[in-house]
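Trainee: Spelled out from the first residue to the last, the chains are:
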Amino acid sequence: KAGVTQTPRYLIKTRGQQVTLSCSPISGHRSVSWYQQTPGQGLQFLFEYFSETQRNKGNFPGRFSGRQFSNSRSEMNVSTLELGDSALYLCASSLDGAVGQFFGPGTRLTVL
Amino acid sequence: GNSVTQMEGPVTLSEEAFLTINCTYTATGYPSLFWYVQYPGEGLQLLLKATKADDKGSNKGFEATYRKETTSFHLEKGSVQVSDSAVYFCALRLQGGSEKLVFGKGTKLTVNP
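So the sequences go chain by chain: A and B.
Be aware that the first sequence starts at 1407, since it is given in the working numbering, and climbs by one per residue.
Be aware that the second sequence starts at 419, since it is given in the working numbering, and climbs by one per residue.
The following block holds chain B by itself, in its conformation from the complex (with noise of 0.2 Å):
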């Protein structure tokens, strides 16, 4: 079946260090990737996305490239903040009419000042 894997967290970092979340994925065709942050107490917000192999999302500082070979769209981003602190999803949408969204089961950060 379609599905997500993220790494487990928490993922605990100081300000300013390297972030790295990795994502695979296992689907048929060619899904569309996200990464979606979500806050406290806050929906999902949509943090980037790529389209088809190779792309490259960016967003805020985030990127995350689109490897269909390693079937991967890990989230990277060079210098955290403490403002960076939430929970990070990645997510797969097939092709097709439909918008469905399969998740992984997310990856908490947190960073410390």
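So that you can see chain A by itself, here it is in the shape it has in the complex (with noise of 0.2 Å):
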């Protein structure tokens, strides 16, 4: 079974753009979750989406959101970019019901 997959694994932005961040679950996996890593904060959580709503949301400004498609690949998009939000984006599936989440290699996002 193939695992979670991230696109794309690297992206250089400038401040002020915005960017959208793709995530494929591991087949039959509907709960997605999102999470940014630094090294200062550590790994903190974004949201978490399950059925195509949002089940749970960190505390991140609005400029972070996503959204989760019918097929269960989730989406996330930070507009507005700015240097603090270079960070490692990490996305995870769980099966519903089962404890664990399942990790992608996620997304090295660089604002310069």
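Do not take every clue at face value.
[Stated by the list, open to error] The following residues of chain A were derived to be distant from chain B, with all beta-carbon distances above 10 Å:
#1 1410
#2 1417
#3 1423
#4 1449
[Unchecked claim] Cβ-to-Cβ under 8 Å is the rule here; a few derived chain A residues that face chain B:
#5 1432
#6 1433
#7 1434
#8 1437
#9 1457
#10 1461
#11 1466
#12 1500
#13 1506
#14 1508
#15 1509
#16 1511
#17 1515
Derived by calculation from the structure, the hints in this document are not laboratory data.
Backbone N, C-alpha and C define an ideal beta-carbon position, used for all residues, glycine too.
If you follow the hints, you should be able to join the two separate chains into one complex; please do so.
Mentor: Here is the structure:
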């Protein structure tokens, strides 16, 4: 079974631009979560989607948004990029009712 | 609030040494507990988990026991290998419908031959 895939793996953007990251969960997994990883703040939860509905949201500004499609694929969008948005963005999926999330390799976003 | 505290790293050991990475948590209710490992340039891999008090999670020689009385979930391995060099994260998931994980800061382990 294929794992969680994320595209693109690397992105370089400039301040003020916007970016869209994509995540394809493991087949059959309907829950998708997003995390931001930085050296200073560590791993922080962004949001979780289940069956196309946002089920939980972290403490991030409204510039960060996401969505989930009917095939469980998810995207997250960051608008008006800031230097501090430079991070590794990780997507994780899980099987409803099971315990444990499975992570993708991440998208490394660099904002210049 | 809900939080996870891990021992500060980095930790440097020689091959075949005993490993302990301490993890304590603060949470309402009865969370599930996890250890994840991150190798350089990769995402996180689920190493082991425990869902209730006194459960022992184990995988690849690593073990951790859910201790409710001390709110701890320390990671141990009897004999580390160079290939165990990575960053280890302790995490909790609260009861309820959400899959949200709360992570510790991570502990970097380096094993020298």
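Trainee: Now look at each hint and say whether the structure bears it out.
Mentor: Consistency of the hints with the structure:
1. 1410: violated, 8 Å
2. 1417: holds, 16 Å
3. 1423: Label holds. Min Cβ-Cβ 25 Å, cutoff 10 Å.
4. 1449: Given a closest Cβ separation of 4 Å, the condition is violated.
5. 1432: violated, 12 Å
6. 1433: violated, 17 Å
7. 1434: This interface hint is violated because 15 Å lies over the 8 Å limit.
8. 1437: This interface hint holds because 5 Å falls under the 8 Å limit.
9. 1457: Hint on residue 1457 (chain A): violated, closest Cβ of chain B at ~11 Å, above 8 Å.
10. 1461: For residue 1461 (chain A), the interface hint holds, since the closest Cβ of chain B sits about 6 Å away, which is under 8 Å.
11. 1466: violated, 13 Å
12. 1500: holds, 5 Å
13. 1506: holds, 5 Å
14. 1508: Holds, about 7 Å.
15. 1509: Hint holds; residue 1509 (chain A) Cβ to chain B Cβ min 4 Å, cut 8 Å.
16. 1511: holds, 5 Å
17. 1515: Given a least distance of 14 Å, the restraint on residue 1515 (chain A) is violated.
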